[in-house]
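Hey, can you work out the whole structure from these sequences and the hints?
Heads up: the sequence lines are chains A and B, in that order. Note that our numbering gives residue 178 to position 194 of the first sequence, counting from 1, and the numbers run on in steps of one. Note that our numbering gives residue 150 to position 166 of the second sequence, counting from 1, and the numbers run on in steps of one.
None of these hints come from the bench; they were simulated from the model. There's no promise every hint is true.
[As the list claims (entries may be wrong)] Reference listing, derived: stretches of chain B covered by chain A, where coverage requires no fewer than 3 residues with Cβ under 8 Å from a Cβ of chain A:
| no. | segment |
| --- | --- |
| 1 | 48 to 55 |
| 2 | 138 to 147 |
| 3 | 159 to 173 |
| 4 | 198 to 207 |
| 5 | 229 to 242 |
| 6 | 325 to 339 |
These figures come from a predicted structure and were not determined experimentally. Positions of the beta carbon are idealized from the N, C-alpha and C atoms, including for glycine.
Residues per chain, in single letters:
2 protein chains.
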Amino acid sequence: MSSAAPGRPGRALEGMVVLDLGQIYNGPYCTMLLRQLGAEVIKIEPGGGEPIRWRGDGTTVSQAFNLLNGGKQGLELNLKSAAGVELFLRLVAVADVVVENFAPGVMERLGLGYDRLEEANPRLVLASGKGFDSASRHKDLRAMDITVQAISGMMAATGFEGQPPVKSGGAVADFIAGTHLAAAILGALVQRERTGRGQRVEVNMYDAILPTLTSNIAGYLDSGGTAPERVGNRHGGLSVAPYNVYASADGWIAVLCMRDRHWQTLCRLVGREDLLADESLATPRGRVEAIGRVDEVVSAWIATLTTAGALKLLQEGDIPAAPVRRLREVIEDPDVRERGMLVEVDDHGRPGYAYGSPLRLGASAPVAPAQAPDIGEHNGAVLSRLLGLTEAEIEECRRRGAW
Amino acid sequence: MSSAAPGRPGRALEGMVVLDLGQIYNGPYCTMLLRQLGAEVIKIEPGGGEPIRWRGDGTTVSQAFNLLNGGKQGLELNLKSAAGVELFLRLVAVADVVVENFAPGVMERLGLGYDRLEEANPRLVLASGKGFDSASRHKDLRAMDITVQAISGMMAATGFEGQPPVKSGGAVADFIAGTHLAAAILGALVQRERTGRGQRVEVNMYDAILPTLTSNIAGYLDSGGTAPERVGNRHGGLSVAPYNVYASADGWIAVLCMRDRHWQTLCRLVGREDLLADESLATPRGRVEAIGRVDEVVSAWIATLTTAGALKLLQEGDIPAAPVRRLREVIEDPDVRERGMLVEVDDHGRPGYAYGSPLRLGASAPVAPAQAPDIGEHNGAVLSRLLGLTEAEIEECRRRGAW
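Put into structure tokens, the structure is as follows:
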């Protein structure tokens, strides 16, 4: 399926076809990234659409769907029918990648286990996004973002000591797993260039979220298990201080001192030159041991300033800091719009939104944002272009219950 | 550098060489993933080591360093010396990938901008992990995990309404950006197989974190900006109810009803069949509108049960749920150990830890976990193997100040 001529930049995945059985966030984000690298992504849904379409009252589609599915081709298929499976396997034969994040065992029950797909196309990469390994003790837990955040320690590590565990406000388990899944697919495609063969790849959300807790895990291991479980806005491993979010006169600001010179500058800024002579505060470990006192020094100073005022002084002193911005400010940030990370698109006559790609490749032409498909919107176009079916043959598929 | 014979599985990146200038989490996690796909990763550090080594009191190395750098080759280089730059460029000529997540402009100041690297090796992929685009309004903000969580809306979206913003307990901005960076590199390597040329790729943390907020962004857009900014442990877009973390008699448990049938089963479980007749609670939207009442029904029931007891009943009813586990339980989870996600390794005679790979490729042989290098531990071995330098030539490099 590789149509780009050698020497011509084109796009990284130009000519590649991805069959996308993804649902909600994990699978669809993975295929969004692949589309933005130049692949053609065919979003395959059953008659009722994938579960994210069921949100709201069933008559409107949330922008959550539009954001992740822009520019994909919409193909309705009933994979519980023989005709649907047959058509899917014909598409597999001409595809490069299949992505699915169904519950465990669904593909096998549909008769679409890896063996059958590999038989249809030995060059195929089958990518499965799961919650847990099929041999895991946790394999019977339903893997959604919130359940994986609960069982993985992410919630235990988020929030303030002595207060309830908190879910990370982003769907971090879903998205970090979907990003890993894209990386696994791309790794398999690199390997395919040399071996000529595809393979099965899998990413489990439980595995993908673990490394994000490196500060906390290291804090636990380094302290012999005595480190506190959650530390609010302090450093997850309590390895750095100051490192916190401080209340200003009109908001909140994050400040950290990675290096001793940041601390020294800060002492001067806040008018506490006396602390420079305190040797117990001269090292990262010393400041962590006195973390309450250190935070108080910063808090007392920032409380007297506006966020913008504090930020200006901290930046002049080259001390890492950033305002805690409201979601509204982020969504309306001209930077986000101008870089194409969040753009308005026409959604079948309604206003829609699409994401741009965080992956910026200098020699791979960017892919324009586009509207997300309606269910089955491109059945005719996809089947005629990829399989060469005539109108009569397409109608015959429909009649036989392929969708 | 591709030594795997066609048809032989080997490893996805077998024979590839990655020069790793990464620091802290973002770059080093990216190269950890590349190593686990079979690449040789050479961790290049200045005399004092990369900043993560400075944590603690300077005599011990945190497990945070070991976890991300296992199995990399340690090369000490002084890139501020002409001899160091010269040696680095000779390595670039035989490498496939360079990864760096320095502050903006550092590579250029070292005389190692993309033009110079491309000249040394047109097949090279130069991967840069940054906080913001070089043209961004935010480009002067120092991009660390906490500052990016602050400015990106992640903190605004985490925590309870009316209470302070909360940092996600995982370093999600660093790790999701590092994972995207690995995907961008792999995309560029796929493209190189067809064009024969490398390219520059970049991932900005600010871009990479945005899609994780899809529920919240969609909630904002769908509601015309009236959705609450943070909603504790409820669904980020307030699109699903019940969806929360509930206190049990001995802990916390996450429960959600994705489908109407989950809600129906739950009503029976909690002995509130009367609610089945309440049409206002029959749709997702209806339950969200009555979210306080819905949460109370679930809370009252779960408070009477242990976490394990509630989980058992919910699982029997096929209702998605999971216990909120303590970090200790995760770190000591035999599942995590047996799957090789967190394993003990010998660290130069001390106890060390290494991560396994969330990327599981069926036809790419796994890479064994190994200890992280000391600074410059492999100078001799790397320079002799990759550049063919003799002992005398290596000594001459050292004498000229290359390290």
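(message) When the structure is checked against the list of hints, which entries are broken? Sort them ascending.
(response) none
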